[in-house]
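Enquirer: As a plain string of letters, each chain reads:
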Amino acid sequence: MSAGRRLALALGVLGLALLVVAVLALFVGSAGLSPRAVARALAGQAGAESVESVVTLQLRLPRVAAAALAGGALAVAGVAFQGLTRNPLAEPSVLGVSSGAAFGVVVAQIFGLGLSALQALGVAVFAFAGALLAAGAVYLIARVPGGLSVPTLLLAGVIVGIFFTSAITVLISVVDFNRLGGVVHWLLGNLAPLPPASLALFALLALAGFGLILKSARELNLLALGEEAATQLGVNAARLKQRVFVAAALLTGTVVAFTGPIGFVGLVVPHMLRGVLGQDNRLLVPTALVAGGVFLLAADTLARNVVAPAELSVGVITSFCGAPFFVYLLRTRYRASL
Amino acid sequence: MSAFVEFDDVAFAYPQPGRRREGAFTLAGVSFAIEAGEVFGVIGPNSAGKTTLLRLLTRVVAAGRGEVRLDGRPIGRLAHAELARQVAVVPQDTPRPFPFSVEQLVLMGRYPHAPDRFFESDADRAQAATAMEATGVRHLAALPLEQLSGGERQRAMLARALAQQPGLLVLDEPTSHLDLRYQAETAALLQRLNAERGMTVLLVSHDLNLAAEVCDRLLLLDGGRVARVGAPAEVLQREVLEPVFGCAVTVDVTPTSGRPVVQVAWPVPPTRR
Chain A
1 MSAGRRLALA
11 LGVLGLALLV
21 VAVLALFVGS
31 AGLSPRAVAR
41 ALAGQAGAES
51 VESVVTLQLR
61 LPRVAAAALA
71 GGALAVAGVA
81 FQGLTRNPLA
91 EPSVLGVSSG
101 AAFGVVVAQI
111 FGLGLSALQA
121 LGVAVFAFAG
131 ALLAAGAVYL
141 IARVPGGLSV
151 PTLLLAGVIV
161 GIFFTSAITV
171 LISVVDFNRL
181 GGVVHWLLGN
191 LAPLPPASLA
201 LFALLALAGF
211 GLILKSAREL
221 NLLALGEEAA
231 TQLGVNAARL
241 KQRVFVAAAL
251 LTGTVVAFTG
261 PIGFVGLVVP
271 HMLRGVLGQD
281 NRLLVPTALV
291 AGGVFLLAAD
301 TLARNVVAPA
311 ELSVGVITSF
321 CGAPFFVYLL
331 RTRYRASL
Chain B
1 MSAFVEFDDV
11 AFAYPQPGRR
21 REGAFTLAGV
31 SFAIEAGEVF
41 GVIGPNSAGK
51 TTLLRLLTRV
61 VAAGRGEVRL
71 DGRPIGRLAH
81 AELARQVAVV
91 PQDTPRPFPF
101 SVEQLVLMGR
111 YPHAPDRFFE
121 SDADRAQAAT
131 AMEATGVRHL
141 AALPLEQLSG
151 GERQRAMLAR
161 ALAQQPGLLV
171 LDEPTSHLDL
181 RYQAETAALL
191 QRLNAERGMT
201 VLLVSHDLNL
211 AAEVCDRLLL
221 LDGGRVARVG
231 APAEVLQREV
241 LEPVFGCAVT
251 VDVTPTSGRP
261 VVQVAWPVPP
271 TRR
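In the order they appear, the protein sequences are chains A and B.
All residue numbers for the first sequence refer to the working numbering, where the first residue is 1 and numbers rise by one.
All residue numbers for the second sequence refer to the working numbering, where the first residue is 1 and numbers rise by one.
Hints in this document: simulated from the structure, not taken from any laboratory.
A hint or two may mislead.
Stated by the list, open to error - Every beta carbon over 12 Å from chain B, so not counted as near; a handful from chain A, in silico:
#1 PHE320
#2 PHE325
#3 ARG331
As the list claims (entries may be wrong) - Facing chain B, a subset of chain A residues (Cβ under 7 Å, in silico):
#4 ALA3
#5 GLY4
#6 PRO196
#7 LEU222
#8 ALA224
#9 GLY226
#10 GLU228
#11 ALA229
#12 THR231
#13 GLN232
#14 LEU233
#15 ASN236
#16 SER319
Claimed, not checked - Under the rule of at most 25 Å between Cα atoms (straight-line distance), these lysine to any residue pairs were calculated in the SDA-like manner:
#17 A:LYS241 - B:LEU78
#18 A:LYS241 - B:PRO95
#19 A:LYS241 - B:ARG85
#20 A:LYS241 - A:LEU133
#21 A:LYS241 - B:PHE119
Glycine included, each C-beta is placed from N, C-alpha and C at the ideal position.
Modelling step: build the complete structure from the supplied sequences, incorporating the hints.
Expert: Structure, rendered in structure tokens:
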């Protein structure tokens, strides 16, 4: 089967899965609405002020959209960082990039920026800057002549992550806690409903990052040959690395700004896809966008319902999945490269 | 015949002198030309500048002084992809981990012909198949490169370079990982490509005897300078080689092809310069 056909088939299956999970997420929740009530609200037959309309359209629907977007963006960022560093374990949270972005968000919140559309753009800018800073630091620490060493890269990511997490703690301690309302919940990844305008901005930024990485997918394959060989094949390696680096930081920063630093999505999702589709970034990047959405949406639906009427942070679920998965990868498939 | 590649007084030094030995890995005013259609060999001791010369030609690094020209045009003015359509490099070995199959690797050679295309076209796949056929790896197309032997990997890399349909094929130490049989096969394949397709070949090698056997002309580098350029019989002479390599050698003539064959004169008495 040609690569194009495999991509179309994979996208079809994943799209269907996304639809199923999204419908499921709309129909279950702590409000205990009957399926019929939810269907009425979705069809616009319930009154605008009715409980089922408010819960379905203003709480659950935006949350479903945010989860799908965040999961997709994080998974694509994972594929991008893995290709860029030629390291299968690279991922926004493992590399400390999420922590850098979170630091940016906390700084933005100290300046009083909230989640209305225009302010959200400001928060996203801060998060993007934080992500760039952290990713740049990791890159500089781990760079050795001829590339990046796998163990050093992972260590550098951990260290940069610890640094920014500490910096966040300092800020929280120093600043009046009330001004940082909900920051602790947010730091674990929180898919609170976003206003439509913010959601649109989220989608726009995520699609921009995705587009840049999709455009670079074929060149990322060539980068697996090494930078020198990629250059000799006609790739402008410096420009490629810059573009993917910026795009992956943009994706990470955007997700962190709107939903908090949700960990390990960029590790779990790409690796499941690699198992099925192989290592071609042209297949991985587009499928990661959809599969990441499926994964995070499923995780969030679980987070909303396992301890209902209370709620877990979605980041707790992804970390509970991701951390053992990371250990598994480390101990089995990538043992030789460490 | 016209000059396909020209090095015109090219000098280059790596930017961090503290990290390399003084004077090592540099070129100091190198001039030579490779004619279209010839098999040209670059030989010389370690750190004579062979790899640097190859990197300058493929724009991995830029010359500090002088100019490298391809078909009369300075390579600095060519786009990366444009250069890659003209010059294909077969590196010493593949990086590991390398997660792609032989066919995926060979298809990468089609990139410079349509960098904006997302998936390769049917024509690209046909080219890749032809290239794999030419180097005898078509039956391995679906295998991951990492499962291949050294010789098979080498031929897969050669197929990738052929898929680029270059005017100039550059080989960096092509036989360093190969046993005698594959060395012989590689040499024969190079000569066939050169004869049948008129492909210009640049061979960078430690192996003086391979170079002598397959090359029309040789360039002997010594400490970043041209020690001698000419036919193998002119370059591979005892008086030329001994001061460059710093050891005594004997030069004979092979009975089969009449080309020179160089051997170290064991035991090795260090010669004084």
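Enquirer: Can you confirm whether the C-alpha distance between A:LYS241 and B:PHE119 stays at or below 25 Å?
Expert: The hint holds at about 21 Å.
Enquirer: Under the criterion of a CB-CB separation shorter than 7 Å, is A:GLY4 in contact with chain B as hinted?
Expert: 5 Å, holds
Enquirer: Is the interface hint satisfied for A:SER319? The criterion is a beta-carbon contact with chain B at less than 7 Å.
Expert: Result: violated, 27 Å to nearest chain B Cβ.
Enquirer: Any CB of chain B closer than 7 Å to the CB of A:ALA3?
Expert: 5 Å, holds
Enquirer: With a cut-off of 7 Å, does the beta carbon of A:GLU228 approach a beta carbon of chain B closely enough for the hint to hold?
Expert: It holds, given that the least Cβ distance between A:GLU228 and chain B is near 5 Å, below 7 Å.
Enquirer: Min Cβ distance, A:GLN232 to chain B: is it shorter than 7 Å?
Expert: Because about 5 Å separates A:GLN232 from the closest Cβ in chain B, which is inside the 7 Å limit, the hint holds.
Enquirer: For the pair supplied as a hint, A:LYS241 and B:ARG85, is the alpha-carbon distance within the 25 Å limit?
Expert: OK: A:LYS241 and B:ARG85 at ~22 Å, within 25 Å.
Enquirer: Is it true that the CA of A:LYS241 sits at most 25 Å from the CA of A:LEU133?
Expert: Holds: A:LYS241 and A:LEU133 sit about 16 Å apart, inside 25 Å.
Enquirer: Far enough from chain B: is every CB of that chain over 12 Å from the CB of A:PHE320?
Expert: Non-interface label stands for A:PHE320: nearest chain B Cβ at 28 Å, farther than 12 Å.
Enquirer: Verify the proposed pairing of A:LYS241 with B:PRO95, using a straight-line Cα cut of 25 Å.
Expert: With a Cα-Cα distance of about 18 Å, the restraint between A:LYS241 and B:PRO95 holds, given a limit of 25 Å.
Enquirer: Against chain B, does A:ARG331 keep a CB gap of more than 12 Å to every residue?
Expert: 17 Å, holds
Enquirer: Would you settle whether the hint for A:LEU222 is holds or violated, based on the nearest Cβ-Cβ distance to chain B being less than 7 Å?
Expert: 5 Å, holds
Hint compliance for this structure: hints 6, 16 are not met, and every other hint is.
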